[in-house]
Amino acid sequence: MTTAAPVVDDLCTIEQERSRFNDQFGEMSERARVKVKGEMSEFVQKFIQASPFVVMASSDPDGNCDASPKGGKPGFVKVIDGARLLLPDVAGNRLFQSYQNMDANPHVGLLFMIPGVNDTVRVNGTVSIVDKEELDRQKVELSLFWTDDNAKHLQGIIINVEESYGHCPRAYNFAKLWDTDQIAENQENRPIPLRP
16 MTTAAPVVDD LCTIEQERSR FNDQFGEMSE RARVKVKGEM SEFVQKFIQA SPFVVMASSD
76 PDGNCDASPK GGKPGFVKVI DGARLLLPDV AGNRLFQSYQ NMDANPHVGL LFMIPGVNDT
136 VRVNGTVSIV DKEELDRQKV ELSLFWTDDN AKHLQGIIIN VEESYGHCPR AYNFAKLWDT
196 DQIAENQENR PIPLRP
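Going by this note's numbering, the sequence shown opens with residue 16, and the numbers climb by one from there.
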C-alpha cells in the first residue's frame, strides 16, 4: 500500500515564538501561527511567477535600512526551486544602497505584489550576489514591459529562502490600493506634484 506524500506546507512550518506583544495584545490565530514556512509552498511559488513587482528590504549591520522596488514582466524573479529565488537586477540609479547593505548583512525581506490582486507574498532569507555571467549561464533574459538606454542586467541576487508566506488583503482593503475608481481619479487629478 502506498501512502500519499505529506504536504510540504505541513513539513516546513516555522514555530512562531510568543513575544511581549502577545502578552499585551493577545494570542495569534492558529492560521497565523502555521502560515510561515521554511520554504516556498506551491501557492507562494505560483504567486511569485505571476508577480511583476517586488519591494526588497535590506539593512546594514547597524540597522540602517533600504527598501528598493524591482519590476518586470510577471515571473521576472525566477523560482529556482522550493528554497531559492533568482532576482536579476536591472541597471538603475547606481546608488547601490541595497548591494552595500547585502555585502555587509545578507538578510533581506521581499514583498511581492500583483496589480489588482489583494493578496501579497512575503519572503525572508539570505542572499548571494552573482555576476552577469551567471545570469547568462542561467539563460536569464531581460523581461520588462518598458525599456530605456540603461535597461540591462548588471548582476543578480540569489535568495536562499528562510521564511515565506501569503499575507491577507487587509492592508490593501484599508488603502483601496487597487480600486479602479481611485486609480482613475488619481490619474485624472494627480494628488501630488510631479517628482522633481
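Mixed in with the good hints, there may be bad ones.
To be verified - Straight-line distance between alpha carbons at most 20 Å, and here's what the computed SDA-like set of lysine to any residue pairs gives: (1) K85 - A47; (2) K147 - N108; (3) K93 - L169; (4) K50 - K147; (5) K154 - I173; (6) K154 - D134; (7) K93 - V145.
It should be emphasised that the hints constitute simulated quantities derived from the structure, not laboratory data.
Please verify whether K147 and N108 have alpha carbons no more than 20 Å apart.
At roughly 18 Å apart (the allowed maximum being 20 Å), N108 and K147 satisfy the hint.
Satisfaction of hint between V145 and K93, Cα-Cα up to 20 Å
holds, 14 Å
Regarding the pair K154 and D134, is the alpha-carbon distance no greater than 20 Å?
Distance of about 30 Å is beyond 20 Å: violated.
Are the Cα atoms of K50 and K147 separated by 20 Å or less?
violated, 35 Å
Agreement of K85 and A47 with the hint, judged by alpha carbon distance not exceeding 20 Å:
Distance of about 27 Å is beyond 20 Å: violated.
Are the Cα positions of K154 and I173 separated by 20 Å at most?
OK: K154 and I173 at ~15 Å, within 20 Å.
K93 paired with L169 [C-alpha distance capped at 20 Å]:
holds, 16 Å
Violated hints, listed in ascending order, are 1, 4 and 6; each of the other numbered hints is respected by the structure.
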